[in-house]
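Heads up: the protein sequence lines correspond to chains Y and C, in order. 1 is the number of the first residue of the first sequence in the numbering used here; add one for each residue after it. 1 is the number of the first residue of the second sequence in the numbering used here; add one for each residue after it.
Derived by calculation from the structure, the hints in this document are not laboratory data. Careful, some of the hints might be misleading.
Computed list of chain C residues with no C-beta within reach of chain Y, every gap over 12 Å [as the list claims (entries may be wrong)]: (1) 57; (2) 114; (3) 152; (4) 153.
With a cut-off of at most 30 Å between alpha-carbon atoms, the simulated DSSO-like pairs for lysine-lysine come out as follows [as the list claims (entries may be wrong)]: (5) C/23 / Y/240; (6) C/129 / C/23; (7) Y/11 / C/86; (8) C/154 / C/3; (9) C/23 / Y/170; (10) C/3 / C/86; (11) C/86 / C/154; (12) Y/86 / Y/240; (13) Y/11 / C/129; (14) Y/74 / Y/86.
Calculated Cβ distances over 10 Å to all of chain C for the following chain Y residues [what the hints assert, rightly or not]: (15) 18; (16) 25; (17) 140; (18) 152; (19) 171; (20) 216.
A virtual CB, placed ideally from N, CA and C, is assigned to each residue, including glycine.
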Amino acid sequence: MSEPGKMSDRKVFFAASVVLALILAFAGYRALRRSAGLLLGDFFYPYLALTRIVSDTAARQSLLLLSRTELASKTESLIQENRRLKAENQQLRNLASENRELRILAHLPASPQWSYAPAQVLLRDPLFWREKFTVSIEPDSGISPGAVVLAPTGDGGEAALVGVVSRVGKRNAEVETIFSRNLRLSVAFPGGGNGFLNAGERRALPGTIPVGYIPVNRGAAPGDPAVTTGFSAGIPSGLKVGHLTTLDEVNPNFSSTEHVSGLLTPELDFDNLRFVLIAIPDSGSGARP
Amino acid sequence: MMKTVYFFVLLFLALLFEFQVGKLALPLLLPALVIYYVSLAGRTGTAFYLATLFGVVLDLAYGRELPTTTLVLVVSLAVGRVIRLKAPSHTYETALPGMGIALTALLGGDVVRLTLTNDPETPGTFFWKLIFFGAIGLFLMPFLTLLFDRIGGKLGVSGALCAPKSTFDRLRPRRVREPRTGRLP
Chain Y
1 MSEPGKMSDR
11 KVFFAASVVL
21 ALILAFAGYR
31 ALRRSAGLLL
41 GDFFYPYLAL
51 TRIVSDTAAR
61 QSLLLLSRTE
71 LASKTESLIQ
81 ENRRLKAENQ
91 QLRNLASENR
101 ELRILAHLPA
111 SPQWSYAPAQ
121 VLLRDPLFWR
131 EKFTVSIEPD
141 SGISPGAVVL
151 APTGDGGEAA
161 LVGVVSRVGK
171 RNAEVETIFS
181 RNLRLSVAFP
191 GGGNGFLNAG
201 ERRALPGTIP
211 VGYIPVNRGA
221 APGDPAVTTG
231 FSAGIPSGLK
241 VGHLTTLDEV
251 NPNFSSTEHV
261 SGLLTPELDF
271 DNLRFVLIAI
281 PDSGSGARP
Chain C
1 MMKTVYFFVL
11 LFLALLFEFQ
21 VGKLALPLLL
31 PALVIYYVSL
41 AGRTGTAFYL
51 ATLFGVVLDL
61 AYGRELPTTT
71 LVLVVSLAVG
81 RVIRLKAPSH
91 TYETALPGMG
101 IALTALLGGD
111 VVRLTLTNDP
121 ETPGTFFWKL
131 IFFGAIGLFL
141 MPFLTLLFDR
151 IGGKLGVSGA
161 LCAPKSTFDR
171 LRPRRVREPR
181 TGRLP
């Protein structure tokens with residue numbers, strides 16, 4: 001027979017031990033977050049990469065199901081596409097060398113050079129769906145935290161900004177996107193105005209990014225495209241970010257407000273990102289890492 | 001020993017499953033239900049500690065700034081236990097706790113999104129998600145209980161469902177209160 005009060009003592013002890021376990025878990029979590037996260041990412045890499053390997057194999061096998069005639073026509077169209085791309089590449093190379101010579105003549109520093117490493121989305125967090133994701137990278141690929149991440153847009157395949165690399169493991173890297181509150185980035189509008197993403201001036205609506213500190217008199221308007229300014233370290237200028245969807249309306253004649261805020265709709269569809277490109281600055285090219 | 005191994009295998013499989021469904025933006029559901037099953041088949045205290053551990057591992061793997069899943073899982077388990085304190089004797093008795101757990105996990109996830117992210121969900125989408133995943137929890141928990149009990153039974157592990165008491169056993173002689181006065185009528 002248990003003594004009176006023994007049961008309630010046990011319950012209090014249990015509740016206290018659960019609270020203590022939670023506090024310990026929180027403390028351990030905060031202390032080990034970076035190293036343990038990368039370790040776990042590498043530990044689970046074979047499993048996470050499994051779906052990619054399976055889908056790649058299935059795609060290859062389904063290609064073999066095509067008839068010889070179909071394969072020949074596909075190869076032919078690919079050869080033609082390669083020829084076109086080669087010609088365009090040659091033209092761009094000529095322009096780049098011309099630009100280099102002109103910069104030397106004008107005594108300007110060399111423009112930054114980048115190489116691009118392709119990466120595939122490996123893991124997405126359902127709670128922070130648009131804010132961060134993990135990509136698979138090649139070991140020793142030279143990717144470092146702060147490297148800019150791009151993806152081609154649907155129309156024309158022009159590269160748009162996805163975010164920056166926040167952590168790098170041996171085989172995986174974590175990308176923080178432009179939706180993340182931690183990524184405060186300056187953007188430029190065609191009218192000459194600038195703004196800051198995630199400046200904290202207003203709350204975002206689903207699928208939009210808040211942009212703040214846009215000067216009232218610098219003519220930004222809804223529908224204007226926003227591009228990177230190049231002021232942020234490691235992020236080239238002129239990259240598409242999105243377009244303004246809403247902007248505070250202020251009459252400068254009747255208000256002393258100097259800045260307005262708005263909402264930006266990103267250029268990319270963040271729900272369907274599969275492949276991204278990570279820009280790695282070439283050493284000695286002047287690109288700031 | 002076998003029970004411990006069985007629970008850890010179940011949780012590890014739930015973790016792997018969570019990684020795959022997480023890629024499809026589906027909310028945390030199966031791990032919360034598996035932890036509730038552990039609390040039914042094992043001890044409630046053990047389940048709370050496992051919920052903490054599981055949440056920490058999941059949050060670390062996702063690289064989250066705060067161990068949000070830990071809190072969501074612990075609260076979900078508490079809700080499940082509050083809805084039904086007694087051990088279930090029939091699989092359908094786990095349905096309501098299953099729904100409660102699913103709704104709590106969903107609510108917890110939305111609170112996290114609302115407070116910690118820049119990407120809140122529209123109220124309309126959230127409402128339909130509540131209905132859909134609540135229903136999923138309602139049907140999934142009895143199914144999981146049945147499935148895990150079957151597998152556990154083959155391994156010699158006691159399940160979550162206890163043997164129902166027959167109504168005959170529950171009959172007790174009625175107590176007749178004696179009149180306090182002590183005087184005979």
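Which earlier hints turn out false for this structure, listed by number in ascending order? 1, 2, 13, 15 and 16
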